[in-house]
Amino acid sequence: SQQGEEDPQALSIQEGENATMNCSYKTSINNLQWYRQNSGRGLVHLILIRSNEREKHSGRLRVTLDTSKKSSSLLITASRAADTASYFCATDHNAGNMLTFGGGTRLMVKP
Amino acid sequence: DAGVIQSPRHEVTEMGQEVTLRCKPISGHDYLFWYRQTMMRGLELLIYFNNNVPIDDSGMPEDRFSAKMPNASFSTLKIQPSEPRDSAVYFCASSLVPPLHFGNGTRLTVT
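So the sequence lines, in the order shown, correspond to chains W and F.
The opening residue of the first sequence carries number 1468 in the working numbering; numbering runs sequentially from there.
The opening residue of the second sequence carries number 16 in the working numbering; numbering runs sequentially from there.
Next up, chain W with everything else stripped away, as it sits in the complex (with noise of 0.2 Å):
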């Protein structure tokens, strides 16, 4: 079963707007991971937050993680028609590399 819930399931936007996707999930975790799908693709990871960080960056990506509520946030700036794909977090529990992941939210990202 899924661990994370992800939210939007959807989001639309024009192309140079920002991006938020959220991911909550149920049990501690050693580090979670975002993840990125295009269409008829495997994933591709984007970014890994341990979990006694609260902030990571890398490029235009913004990745943000409450352990108290047990969720955390991407952010994609200035948003390009390229970045339209799924977007995935994933949780990793045991430090062990398995990983349970959400959902995702498909963005589109309109010219």
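Fair warning: there could be bad hints in the mix.
[Claimed, not checked] Simulated pairs of lysine to any residue, SDA-like, Cα-Cα distance not exceeding 20 Å: (1) W:LYS1493 with F:THR35; (2) F:LYS39 with W:LYS1536; (3) W:LYS1493 with F:LEU60; (4) F:LYS39 with W:HIS1512; (5) F:LYS83 with F:THR35; (6) W:LYS1523 with W:LEU1542; (7) W:LYS1493 with W:SER1525; (8) F:LYS83 with F:VAL68; (9) F:LYS39 with W:ARG1508; (10) F:LYS83 with W:MET1565; (11) W:LYS1523 with F:VAL112; (12) F:LYS39 with W:VAL1511; (13) W:LYS1493 with F:LYS83; (14) W:LYS1577 with W:LYS1523; (15) W:LYS1523 with W:LYS1536; (16) F:LYS39 with F:ARG56; (17) W:LYS1493 with W:MET1565; (18) W:LYS1493 with F:GLU59; (19) W:LYS1493 with W:GLN1476; (20) W:LYS1493 with F:GLY57; (21) W:LYS1577 with W:GLU1482; (22) F:LYS39 with W:GLY1507; (23) W:LYS1523 with W:THR1534; (24) W:LYS1523 with F:PRO113.
[Said to hold, decoys possible] In silico negatives: residues of chain W with every beta carbon more than 12 Å from chain F: (25) SER1491; (26) SER1495; (27) GLN1504; (28) LYS1536; (29) ASP1559.
No lab work stands behind these hints: they were computed from the structure.
Glycine is no exception: its CB is placed at the ideal position from the N, C-alpha and C atoms.
Please build the complex by placing chain F on the supplied structure of chain W, with the hints as guidance.
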């Protein structure tokens, strides 16, 4: 680096037939994971190996599913006999340390 290689990319078979999916992990990675993705259930972990040894197969749906990893560079997922409800995209992923590296998947259709 060629990445994780899965074959075939597409498989169409009739109910009752045996299906074998193949995966070549990234060289040097000691973890290998098999995931299944469907619209209804999202991404589900089926089984994972560490150093060619199955560690957790609790996600394997039933005895019709089996997975092997005879050596560090090859793994198979077999379904025998296949059923229409097995239709899904099956992903293989490998890692040494986080994150996971995914192949592009095998889209299985059982008619």
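Here's how the hints hold up against the structure:
1. W:LYS1493 with F:THR35: 35 Å, violated
2. F:LYS39 with W:LYS1536: Answer violated: LYS39 (chain F) to LYS1536 (chain W) is near 39 Å, above 20 Å.
3. W:LYS1493 with F:LEU60: 17 Å, holds
4. F:LYS39 with W:HIS1512: OK: LYS39 (chain F) and HIS1512 (chain W) at ~19 Å, within 20 Å.
5. F:LYS83 with F:THR35: Judged against 20 Å, a Cα distance of about 11 Å means the pair holds.
6. W:LYS1523 with W:LEU1542: 11 Å, holds
7. W:LYS1493 with W:SER1525: 26 Å, violated
8. F:LYS83 with F:VAL68: Since the Cα atoms of LYS83 (chain F) and VAL68 (chain F) sit roughly 9 Å apart, the hinted pair holds (cutoff 20 Å).
9. F:LYS39 with W:ARG1508: Given pair LYS39 (chain F), ARG1508 (chain W) holds - Cα atoms ~16 Å apart, limit 20 Å.
10. F:LYS83 with W:MET1565: 18 Å, holds
11. W:LYS1523 with F:VAL112: Holds: LYS1523 (chain W) and VAL112 (chain F) sit about 19 Å apart, inside 20 Å.
12. F:LYS39 with W:VAL1511: 17 Å, holds
13. W:LYS1493 with F:LYS83: 32 Å, violated
14. W:LYS1577 with W:LYS1523: 27 Å, violated
15. W:LYS1523 with W:LYS1536: 17 Å, holds
16. F:LYS39 with F:ARG56: 25 Å, violated
17. W:LYS1493 with W:MET1565: Holds: LYS1493 (chain W) and MET1565 (chain W) sit about 16 Å apart, inside 20 Å.
18. W:LYS1493 with F:GLU59: Holds, because 17 Å separates the two Cα atoms, which is no more than 20 Å.
19. W:LYS1493 with W:GLN1476: Measuring from Cα to Cα gives roughly 18 Å; hence the hint holds.
20. W:LYS1493 with F:GLY57: Given pair LYS1493 (chain W), GLY57 (chain F) holds - Cα atoms ~17 Å apart, limit 20 Å.
21. W:LYS1577 with W:GLU1482: Distance of about 6 Å is within 20 Å: holds.
22. F:LYS39 with W:GLY1507: 19 Å, holds
23. W:LYS1523 with W:THR1534: 14 Å, holds
24. W:LYS1523 with F:PRO113: With Cα atoms ~16 Å apart, LYS1523 (chain W) and PRO113 (chain F) stay inside 20 Å; holds.
25. SER1491: 15 Å, holds
26. SER1495: 17 Å, holds
27. GLN1504: With a cut-off of 12 Å, GLN1504 (chain W) comes too close to chain F, as the shortest Cβ separation is near 8 Å.
28. LYS1536: Correct as stated: the minimum Cβ-Cβ distance to chain F is 22 Å, above 12 Å.
29. ASP1559: 7 Å, violated
Going down the numbered hints, you'll see the structure goes against 1, 2, 7, 13, 14, 16, 27, 29, while the others check out.
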